[in-house]
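Participant: Just need the whole structure built from these sequences, with the hints factored in.
Going down the list, the protein sequences come from chains B and D. Here the first sequence is numbered in my numbering, starting from 1 and rising by one per residue. Here the second sequence is numbered in my numbering, starting from 1001 and rising by one per residue.
Keep in mind the hints are simulated off the structure, nothing from the lab.
Computed cross-link-like contacts, BS3-like style, restricted to lysine-lysine with a CA-CA straight-line distance of at most 25 Å:
id	chain 1	residue 1	chain 2	residue 2
1	D	K1017	D	K1057
2	B	K57	D	K1003
3	D	K1003	B	K42
4	D	K1055	D	K1017
5	D	K1059	D	K1071
6	B	K78	B	K42
7	B	K42	B	K57
8	B	K42	D	K1071
9	D	K1110	D	K1059
10	B	K42	D	K1063
11	D	K1017	D	K1110
12	D	K1017	D	K1063
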Amino acid sequence: EPEVTQTPSHQVTQMGQEVILRCVPISNHLYFYWYRQILGQKVEFLVSFYNNEISEKSEIFDDQFSVERPDGSNFTLKIRSTKLEDSAMYFCASTAGVAEAFFGQGTRLTVV
Amino acid sequence: SQKIEQNSEALNIQEGKTATLTCNYTNYSPAYLQWYRQDPGRGPVFLLLIRENEKEKRKERLKVTFDTTLKQSLFHITASQPADSATYLCATNNAGNMLTFGGGTRLMVKP
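Facilitator: Put into structure tokens, the structure is as follows:
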């Protein structure tokens, strides 16, 4: 069964450093997303990406965040200058349309 | 903005019984309502989707209902098994594809 893959599974970084989280969405999907889940809290939408541009973003997705699809398969989330409160699980997801979302297993980001 | 509410208390049931989980939304009626399963430290896994013009959807031991008058969805697992123990998330979306999630309800099925 096709799946969304994310790397790394766990990233530890120092406050103020830049991190890049990587995702390979399902190959024939058109819509790509990043969500995050702070420990013990809800899964929260960050950004959606369609046709090589951002289609929606939440208030969380401020100027320190950016997304990119550098080639035909990868989808990345960059956090420019990490803060302690960025510590969370980050999930990539993809959909074929307005339908069920397929999530990756997540990257646990720990900012120290 | 849409707010999704799920019972934050864990639901404990005996194996073989039917588990019923509740999802309430507070604002506009969503075009789609979805249920996901999440295991600790893992990503959500899609289970069922129901549209606003559908009353009920079934898949194997799972059943979802959608009542736009009550602004509520019920999620049922019949003949529950210990392997069904997980957190179940309710989520909605409209014209945009972004999902708004509830906080989830943890289900514990005891043998």
